[in-house]
Structures are given as structure tokens and as C-alpha cells.
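**Student:** Here is how the chains run, residue by residue.
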Amino acid sequence: MIPANDRLTQRQLFAMITVALLSPIARRMPSLLAANAGSAAWLSVVVSILPVAVMAIYLGAFLRTKKEGYGLREMIPAVLGKAIGKGVLFIISLWLVFYAGFLLRSGADRFISTIYPGSSPVPFIICMAAICFVAALGQLKAIARSAMIFRPLLLGVFLLILLFSFSNADLGGIWQIRSDDLLPVGYSALTTVNTLALATVFLLAEDSATGKFDTKSFAVWLFALLAIIGLLFLSCIGLFGADLTASITYPFFALARETSILGVLERTESLMIGIWVFADFVLISAILFIASGTLRFCFGIEESKEKLKVFELTHGKWLLLPCLAAALAVALFMAPSTISLKTFAENIVPVGNAILNLALFPLIFIIGKLRKRL
Amino acid sequence: MKRSRLIIIVCILSLALSGCKKSRGIYSNYREIEQLQLIQTLGIDGSPGALTVSVSSGKPLGGGTPVIISRSASSISSAIDLLQDYASQEQLYYAHLQYIVIGEEAAKSGVGGVLDYVERNMQIRISTPIIIASGCTAKELITGPGDADYDVTQALDSVKRDTDLTGYSHVFTCLETARALAESGVALAAAVSAVDTNGVVFMKPAGTTAVPAGYAVLKDGKLVDIFDGGAAVAASLMTGNAGTAGFSVDDGEGGSVTLELESGQAAVRPVWSDGGLDRIMVEVTVNAGIAELEYGKAEIMTGSVRSRLKQALAKKVKENIELLLERSKACDADFLGLGEQLRRDDPKAYEALPEDWLKSARFDVTVKAEIKHSYELGDPVSVDGGEKK
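Order-wise, the sequence lines are chains Z and L. Read in order, the letters of the first sequence are residues 10 to 383 in the working numbering. Read in order, the letters of the second sequence are residues 6 to 394 in the working numbering.
Keep in mind the hints are simulated off the structure, nothing from the lab. Please note that the accuracy of each hint is not assured.
[Said to hold, decoys possible] Sample of chain Z residues at the chain L side, in silico, Cβ under 8 Å:
no., residue
1, T123
2, I124
3, P126
4, G182
5, Q185
6, R187
7, F249
8, G250
9, D252
10, R266
11, R382
Predicted, not measured: the structure shown is a model, and the values here were computed from it. Backbone N, C-alpha and C define an ideal beta-carbon position, used for all residues, glycine too.
One chain only, chain L, in its complex shape (with noise of 0.2 Å):
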């Protein structure tokens, strides 16, 4: 073939190339980055068919304030379609987003929706962080905290960083979330509450901030409960999180020792009797530091009392395991996984128990605690002038 004949054929076929139809042409992705709005907080509120959504930039890397908008419509990609004509002057980009809030009441309506939509939308990654808001909406949450220079994205990375560290809560993301109900049907999400820093915060004019609100349990993909305190630093305990929660302990002389976990692992073993689960053996060790004496007169570093103190605190984790697998039972939702312990210890056994088995499980929870360390200082520093005085 001809040169020229073959560079006709290129040519008429690049007319199908040109973009020039009704339907989105591969053109239609094209941004100028400049005209890019990043947003980094995602909120959700309402029910399937009455949703809003709220959005929230973080400040920007040019300077000034961030930008925060809130609509209304009957789903999610509509309502992201409304947001966009109140940010006219820039393109809503949502590739780098890094918190989806999800308000209390629409987390009960369930956030099965929601998850499809970060699933199936191109720009979201399946691996942001998802949160539930306790007591408050999604809009709230994210309207309320900052100023001119932060807003609610600033507020939760530090309460991930901060329950990182403490254990109080763990932040899962949409992926972990959407897992774990795929594979069992309860996940368990960190709940963040906005509260007033009236009288708390006084270096700038009060408003609201984003603090941590322990554990959000979803089942089926509904909320179904809320918890913090004691049980969730045990809840994060049993899935792996454990933090550097802190424990005030008698030391059995009239003062308190606050006793700081420096790690802690947990482990399941079920009992089988002849008609089915007998019980199950939740066997916890933590490991602490002595981070505080108050009005502390015990020779800490003497045996008698360290075992005192370890008795002390053992107890105290055995009663916040206890009241989250009460929590657990109470709501019959294994956000524990522990029926995949069950299954895996024994599979045909596992399949023979009763669909509600967690109503009815018997649990024996044995905790093992080490003190490990005393940091900077031994017993208590003298402070009544020692036996001369």
C-alpha cells in the first residue's frame, strides 16, 4: 500500500478521535490543576433519598480560609453536584480526601450507601478514613470546628494521631470498614463527637472542636452502639490497637498509682463440650510503666507492692473487657471477631451453634499484668525531709 493511501486511512480514522459528540468524550477528565479545590473532609447526614452533604477544604496551601459547604439532595452524587455550583470559581476535587464523617442518625439509617459510593466512585480512595459522628451530625462536625487558619481536617488528624497513640478509639478506614461487614457483618468504626470549648480553649474565640468518642459499632451496616471509657480502651485492646491508655490503681497505702499501658495482646480460645460451646477463654496480658504516684508513700519497687499493683491493675482491665463483651452480648454484634476464632478453631462445630450463639456465650477472662518499668524514678520522691529531720 501506498504511503499516502495509508496516511488517508490514519486521518479518517482519527476523526473518531476528536471529541466532537454529545456523550463524555475522554476529554471530560481533563482539570487545570490550578483550578482544583481539594477537598479533605467528606460528611454525610440524613437518610437514602434526603441526604446532605458537607465538605470541607483544610486550608489551603496558598493561604486563606478554608472552604466549607454544605447541600442537600437526594443522594450523594447529587448532592456533589449541588456543591460544585457553590464553588464556582474552582473545581470540587475529591482524589485526596481524607476523612468521610458519617452523622449518628444517618450511620443508623446505615452506611451501606455510602460505602458502595466510595467503592465505586474513581476519585475516592477505598482507604480513607472513616469516622462516625457521636451525638451530632456529619455538618456539624465539620462546620463547627476552626477559624481563618484550620478546620475539621486539622481537628481529626489529630484525634487519629491521638488515638493512635492512647488507644481510646482506633480510626478505621471505608476498606477495613467494608471488609468487615462483607466477611461478618459488624465492623467497628471511631466515633468523634464535636464539642463546645467554651471554658476549655482559650486562646482563640470558642467554638467547637472534634474530640474522640471511643468505638461506633455498625451491624448489617446500621448503627447499632456507641461506646467509649474503659471499653473501648479494651475494645482496642482486643483488636490490636492497644495504646498508652492510663490506669489509676489503689496502691493499697492511702495513695494512687496511674499505671500506663505500654503494650498488651489478647488472645481467644474457645471451650467445646459435647453440646456446643461451653465458654470462651479471653487470655489478655498488658504490659505498664509507672507514669504517676499520687500523694504516694509505697516503696513501689519492693515485690509486695508491685504484685499488689499488678493485681490492681489486672483488675481493672478484666472489668473494661468484661463490660465490652457485655456491650458485645447486648447487642449481639461480634465487632470482637470472635466467631471467626470459633470457626477456626473448629469449623463443624462453629456451623452447628444457633445464629444468636453471642447472646448466649459464657466468657472467662483471665488478664495477666506485667509492670515493666518506672521510668526516670524508683520510689517515690522524699519530699518530708527523711528520718533526721
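Looking at chain Z on its own, in the form it has when it is part of the complex (with noise of 0.2 Å):
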């Protein structure tokens, strides 16, 4: 449990949650919109609103009934029983680390693709993991006090990016829908939803917010970003077409290196793609933190009641150590190249985190809540 002076405000919270959401919407959203359901997409973001809502208010109440003091590894042993409590959690740490070593190596993808044309994805791997390194060595808070300096830069340059480059949108004949579109969006609304699904990890994993969980601002946040999901979307299909769209690598970051912002500023690609690794940045380390915290508590490891130094490595910390090599090992091992890496992006891991996100937690909280052990 996290000691009280050290829980995230829950404008922390979701500050934390907002700039790591921006790191798979930026990279994958809108291809994956395109690929899915052409033009008509755009209709995913709005059928999205009803389940991201329906997400919201059972996010609130599973963290207005679960008890003070007590994040996943508390929970998940309480309701499903020691044992198979602990080997789910042990699983989902395995999950985690997998994801941490994907997103580590798509973090590697997006320079390689876009501006180091042929180069290794290793210096770009082993910077960013230990950079990540070092802040999931300290606090949850601290990674979430870095992302509201983020977040507001992000936001911002995403913001600009968008609103010049849909100036320039071509979207007409968009808005017609045939009847044989809905499957497809469907299909990509419950992508859109998966995506956002994310944030759960972050706001069950830890107990680490103060106060009364406020449902009704996390729900703007989701559709705040529900919103940039449709923005960057539109922007995208309005300047390339569905098509290209859909083949595009990244294309918001082509998106960039297309937008000229008042004939003034060109070629902004390369910053938009560096800037981006602050989203990277706080979504590794976040991941690293949850997951070798929750390994800590599948071996039984007591955490330290005083509060550690940033480098002592005691009370289960080392821990850090094998899930960052195992991230790494991942990383460096996943995916020799961008089209064997896309087979992860698009299959195995949007699949891994549905299950995590959409289907394992909202039954804990199901069978927690009929068998009261929340």
C-alpha cells in the first residue's frame, strides 16, 4: 500500500493517465481507424461515447466500493482466493513487462521510420529504458508530477498540429454511411474503447489516489480524449483519405511533416516525434513501476515502511531489475523488423490488453461485488 503522503491528487492522476494515453492514440489510432472501417470511422468515436461512459461509471464504482488502502494486488487475491489471486497477478506482471518491452521497441519503430531511416532500434531502446529505468525506480508521483509538465506541452502540440493541418481537410462524402459500414465500426469503436480501456490499469493497479474517486471529471478527461481520437482522425483521413490513411506507418506524424503552420513553420516532424517520447516516457515507467510492484507481492516481498532512497535497491525493489531486463529482452527480440512489429501492434497486443483491460477486471469487480470482497 502506498503510503498516504506519497498518492497521486487525482488531478495527478489523470494528468499520468492523459499524456500515456497520447503514446497509442498518436501512434496507432488512426491507421487502425482507417483499416477497419475507410471513411466512416469517424462514426466509431461517437458510438464510442456510450460504452467510454458505461467505462467511466464502472471505473467510480469499482473504486468507490473497493476498501481504502487496497489496489489490484490487494483486490484480486480477495476475491479469487490466494493462490489463483496470486498467480492472475503474476500474469498480468508478465503482461505488463511484455507490454513495457512493445512499447519500448514501437517507441524505437516511430524514430527509425520517420526520421533515421536504417538505423538499429537499439541506442533508441536502452535510452528510453533507462530512462524509465530510473523514474520507476522512484515514485509513482513523481512520474505523474512529470506528466502534468507534459501534459499541457503535449496537448498543446497536438492541439496546433491539428487544428492547422484540418484546415486543410478534404472531408467531403465522409458523413454518408451505408448500411454495410456498421460492422466495421463497430468493430473499430470497441478499438477506440480498448484504447482508452487502458487507463484502468493505472487507476486499479495502485491504491494510489487521495479522496473520493470523482467519476464525473475522469469521464470529461475520456471524452476529452474521445474527442482528440475523432480530431486526429478527421485531420487524417481529411488530408490523406482513408486509404493512404490506412497504409500510412504513423500517420499523425506525417500529418505533421505535411502541416505547414502559416507558411512559416515546416518540417516540425522530427520535433513532434521527439517530443512524444515524454508520452512514452511516463507510460514505460508507469507500467515498470505497477509491474514490479505487483511481482513484489506475488513473492511475498514486504515493502519497506520507511521511505528508500532512489537507488537502494532493498525490500524488493531489485525486482525493477529482471522486469526491465525482461523489457528489454522483449525490445530487442520482438520484432526485427516494422512489419513483423505492426503484427504485435495490430494483433497480440490490442487482443492482451482487452483481455486485461475489458475482461479480467470488470470481472474481478463482478464477482468481487457478489461475493463482497472488495
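Combine the two chains into a complex, taking the hints into account.
**Tutor:** Set out below in C-alpha cells:
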């Protein structure tokens, strides 16, 4: 359990979630939506409003129902029994480490595919891993505080690019929806909800936030992110069209490359890609922090009552090293090329995240509620 | 963990960042700015497997003559590598490319490879304008115009500015072309010719220059038609790029009046019948001003004369649009996006149409012309001394 003094305020928590979610949103959302439902995918953002509202209400209920001081580490064994619970937590940790590795690799790929052609991903992976390792050695509050600083910068830059590219967007004809668009639109909506559901890990994994959970504010943030997804998709589709958007590897960064700000500022894609390291940093650091904390619980290692120094790897903090090593191994060996990385990005990672955030956590909530063990 | 151990770990990890390896590292992307030679125009000729790439740098900011080189190879990338061999003092840099020119024969072979190259390339922006060389190769267009002071880039800049203004053509970007081809399989591109300036331009030694040559029609990625003149003006009008093209019409009293377009818009409305598409109504509105009266005596400010001028203008615009639609039908290339209008109007009926619906489509063109201005003058200037002469 995180000491009360080290807990996040809800503003910090929401900032962390927002910044972390900007990473997958910018990376793949436009091309995934366009590939799934073509230009009709804008409707999937509208369709997502209801499930996202339901998700906010469910998470609010979850956080209000659980006992004070309970994070996933306490909740899952309480609901599923100690042995099964620890097994499930171990699997969750493994998945989070794998996901961190995937994020390290895809972050490196973004550099290689856009500004450093033919480079090895190794330097990017190692630099990012080193930075995130240091951040994860500290407290979640420190990562969230950094997110508070990064959020206005990232959102400002994001909205500026979208504003200038949106003014050139040709959206004629995309508003017409045919009946055979509805199934792909539904699938795209699921993709959208699945991306936003990543927030669940941050909300539930640690008993991190102070005070009564503010469902309304959380819902507003989720809707704001949904609006950003919609705006990003419309900007990409308006400039590139559905076919090109689906085939471009990183549409948002391609958008930045083509956007001219009042004819004065051009070719800002390198800057965008550099800035987006902040979003990756928050996401990977927080995930490594949560994964190592969960593993510590699985191995029955007591947390220190005292505040540890950053580089003091006692009381199970050393578990961050194997977590980092495993994430590095995943990042270095999972996908030798962008093409194989795409398979992970489009098939394995979304499915894994959906199982975790849209199936397992709601199941824990329902069982816990029925058994009154939350 | 002791700090010393951490420093050792960081040092070991940093070995991986040294760049001492056989593959291209992150440092391969670094360039010294003073060694860069910005390329502004890139031309492609030939067919897949035997391509010629020609480049021109534009006039260097610091003075000197433009760098113009041309090499042949099996692919664009290979040719660009060869070009670099002939620019040993500087590194050719394509990130600020202004124009991509494709030779007529190369365009007939297909522009898909060029668009793919541009989309895939990290340096070149997909929003770079694309031009089809009409009646010549890209190499002729790139190596021909210019002297020590200017090159084809300035000539193409001039073409772009003029066509935007006049509407005799319109320069589209690679992105617009790629998008149109991806969505409908048909796209328009600006056509530009290399013409001899001998007897036309007198202030410098005669050579060639680039002039607008209307529009090139790309179907399934291949050049199928090039048209200019009235059809090109009509194409600009129909695609929302109407310029200030002039129309010379008879004033009915022995003189002629030049009417200059000020604005125009076109709307397409399909008429469906039980058997499918009955006809396509093309409704055009143009506004013009009186630019010039030649040998004119007509009192153009009177209602009857203006009405006659409006009718004459409407007739000319209608003829141009009908000519354009005939060209579209002849090459079965829906470069005006009529199919998309039909789809939006009635998706089911559109799906039921045969693939070559355009060939048998009937058009009903109506043009409404307005004369809005006569500028600084109303009726013609009197040159006969008036009634008291």
C-alpha cells in the first residue's frame, strides 16, 4: 500500500492517464480506424461515447466499492483466493512487462520509420529503458508530476498540428454511412474503447489516488481524449483519405510532416517525434513501476515502511531489474522489423490489453461485488 | 545499489550507443548544413527498370549557377545514388523539393511507382506538387529552361502562379494525386510543356521555357489524355479552381468583347429513372467582368446588350464543358468525380450501374452567366468626336 503522503491527487492521476494514452493514440489510432472502417470510422468515435461513459461509471463504482488501501494486489487475491489470485497477478505482471517491451520497441520504430532510416532500434530502446528505469525506481507520484508538466505541452502541440491540418482537410463525402459500414464501425469503436481502457491499469493497479474518486471529472477526460481521437482521425482522413491513412505507418507524424504553420514553420515531424518521447516515458515508467510492485507482492516481499533512497534496491525494489531486463529482451528480440512489429501492434497487444482491461478487471469487479470481498 | 555500480552499468549500456557497427547507425542521418545541396526539382523519365532521373537545384542563395544533373538507372533510388556521385562536393538533399516532373512517356507507363517512392521516402514531402511533361521528357523540361540566373524551378513557380490565377490548369500535389487515384482510380495533374523561346523572348539568348499545357488525365495510374484550351478552363471550373480566363464574344454590333471570369461554380445533379441513370444535370454559374472591347460600339451598359453578352458567354462556357465531358467519356475516366456525386446521391442506384457507366452517360449542361463589372469604364470610349463632329 502506498503511504498516504505519497499518493497522487486525482489531477495528477488524470494527467498521467492522459499523457500515457497520447502515446498509443498518436501511434496507431488513425491507421487502425481507417483500416477497420475506412472513412466511416469517424462514426466509431461517436458510437464509443456510450461504452466510454459506461466504462467511466464502472470504474467509478469499482473505486468507490473497494476497500481503502486496496489496489489490484490486494483485491485480486481477496476476490479469487490467495493462490489463484497470486497466479493471476503474476500473469498480469508478465503481460505488463511484455507491454513495456513492446512500447520500447515501437517507440524506437517511430524514430526509425520517420527520421532515422536504416538505424538500429538498439540505441533508442536502451536510452528509453535507462530513463524509464530511473523513473520507475522512484515513486509513482514523481512520474505523475512529470505528466503534469508534459500534458499541456503535448496537448498544445497536438492540437496546434490538428488545427492547422484540419483547416486543409477535405471531408466531403465521409459523412455518408452505408448499412455495410456498421459492423466495421462497431469494430473500430471497440478498438477505440480498448485504447482508452488502458486507463484501467493506472486506476486500479495501485491504491494511488487520494480522496473520493471523481467519476464525472474522469469521464470528462475520457471524452476529451475521445474528441482528440476523432479530431486526429478527421485530420488524417481529410488530408490523406482513408486508403492512404490506412497504409501510412504513423499517420499523425506524417500529418506533422505535411503541415505548414502559416507558411512559416514547416517540417516539424522531428520535433513531434522527439516530444512524443515524453508520452512513452510516462507510460513505460508507470507500467514498469506497477509490474515490479505486483511481482513484489506475488513473491511475498514486504514493502519498506521507510522511504527508500532512489537507488536503494532493497525490499523487493530489485525486482525492477529483472522487469527491465525482460522488457529489454522483449524489445530487442520481439520484432526484427517494422513489418513484424505491426503484427504485434495490430493483433497481439490489443488482444492482450482487451483481455486485461475489458474482461479480467470487470470480471474481478463483478465477482468481488457478488462475494462482497472488494 | 551503490552509485559506483550503477555508473558501471550505465557505462556498459552506453557501449551499445557507440555506433561502431556495420549497419547504418543513428549518426548516418547527420549532415553538415553547409555541405547540403538543396534539390528543388526532380524529374523522372523512362519506364520501370530503365529510369532517368534529372534534378535541378534552383539558383543557390549564395550565388552561383544551378546544379542540374541527370542519370539513368534501374530505379529512382539507384539513379539518385548515381546523381550523388556527380555532385561530389555537396550532398544532394531532397527534403525541400518544390516540384516532381514526370515525362510524358514515363507517365504513360504509370506514375504509381513515383507516388510510392514519394510516400515511402522520409525526406520528400507527399505534398510536393507533381507535374506531367507534355510532349517532352522531364529531362528536357528540367535541363532546358534557365541560364546562370534561374532554372526550371523558377519557371515552374511562374507556371503555378499563373495557372492558379487564370485557371488554364491547376498544379496538384502528389498527395492529392495519390489520394484521387487510391479512391477513384482517376486523377488530374497539371501538364507543362517545354517550348522554344526563339522569336518570343528577346532579352536573353533563346532557349526553352516551361509553359502551362492544360491537364493530364491519369487513369489507373497511367496517363491517358492531355487536354488544354477551353476544356482545361472548364476542368478548372468544374473542379473548383476557376480562374480569370478570358472569353471573347461577339457584341452583336460588329465588335467583340472580352469577358474575364471572376468566379464560377458547378453543381452536378443526377436524374435517376427506373432503368438506372437517366442523365446527369450539370448546372454551372459563372460571373464575369468586361475586360476589353475591341472595335466596340455597343452600349454595353444597356440591358439588351448585356443580356446578349451573358448569353454568348453562357454558350461558350457550355461548349467548353461539353467538350470536357466528351473527353472524359472518350477515355472513360471520371476525373471530375461525377461517380462520387452519384454515389452520394443514391448509393444503391450507383452500385447497380455498369462499370463503364460514364461512356453511355447523357449530360444536360446549363450555364447561367452574369456580368458583374465593367471595371473603370461603362460604355466604350468615344473616338469619333461625338454628334457635333
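**Student:** Would you settle whether the hint for Z:R187 is holds or violated, based on the nearest Cβ-Cβ distance to chain L being less than 8 Å?
**Tutor:** holds (6 Å)
**Student:** So, as I understand it, the hint says Z:I124 touches chain L; can you test that by seeing if any CB pair is closer than 8 Å?
**Tutor:** Given a least distance of 7 Å, the restraint on Z:I124 holds.
**Student:** Minimum Cβ distance from Z:R266 to chain L below 8 Å?
**Tutor:** Hint holds; Z:R266 Cβ to chain L Cβ min 6 Å, cut 8 Å.
**Student:** Take the shortest C-beta to C-beta distance between Z:F249 and chain L; is it under 8 Å?
**Tutor:** OK, holds: Z:F249 within 8 Å of chain L, min 6 Å.
**Student:** Does the nearest C-beta of chain L fall within a distance shorter than 8 Å of the C-beta of Z:Q185?
**Tutor:** holds (6 Å)
**Student:** Does the nearest C-beta of chain L fall within a distance shorter than 8 Å of the C-beta of Z:T123?
**Tutor:** With a minimum Cβ separation of about 6 Å from chain L (threshold 8 Å), the hint on Z:T123 holds.
**Student:** Is the shortest C-beta separation between Z:P126 and chain L less than 8 Å?
**Tutor:** With a closest approach of 5 Å, the Z:P126 hint holds.
**Student:** How about Z:G250: closest beta carbon in chain L under 8 Å, or not?
**Tutor:** holds (4 Å)
**Student:** Do the numbers back the hint for Z:G182, that is, is its least Cβ distance to chain L under 8 Å?
**Tutor:** Since chain L brings a Cβ to about 6 Å from Z:G182, closer than 8 Å, the hint holds.
**Student:** Holds or violated: is there a CB of chain L closer than 8 Å to the CB of Z:D252?
**Tutor:** holds (4 Å)
**Student:** Quick check on the hint: Z:R382 CB to chain L CB, less than 8 Å?
**Tutor:** The hint is violated - Z:R382 has no Cβ within 8 Å of chain L, the shortest such distance being about 38 Å.
Against the hints set out earlier in the document, a violation occurs for number 11 only.
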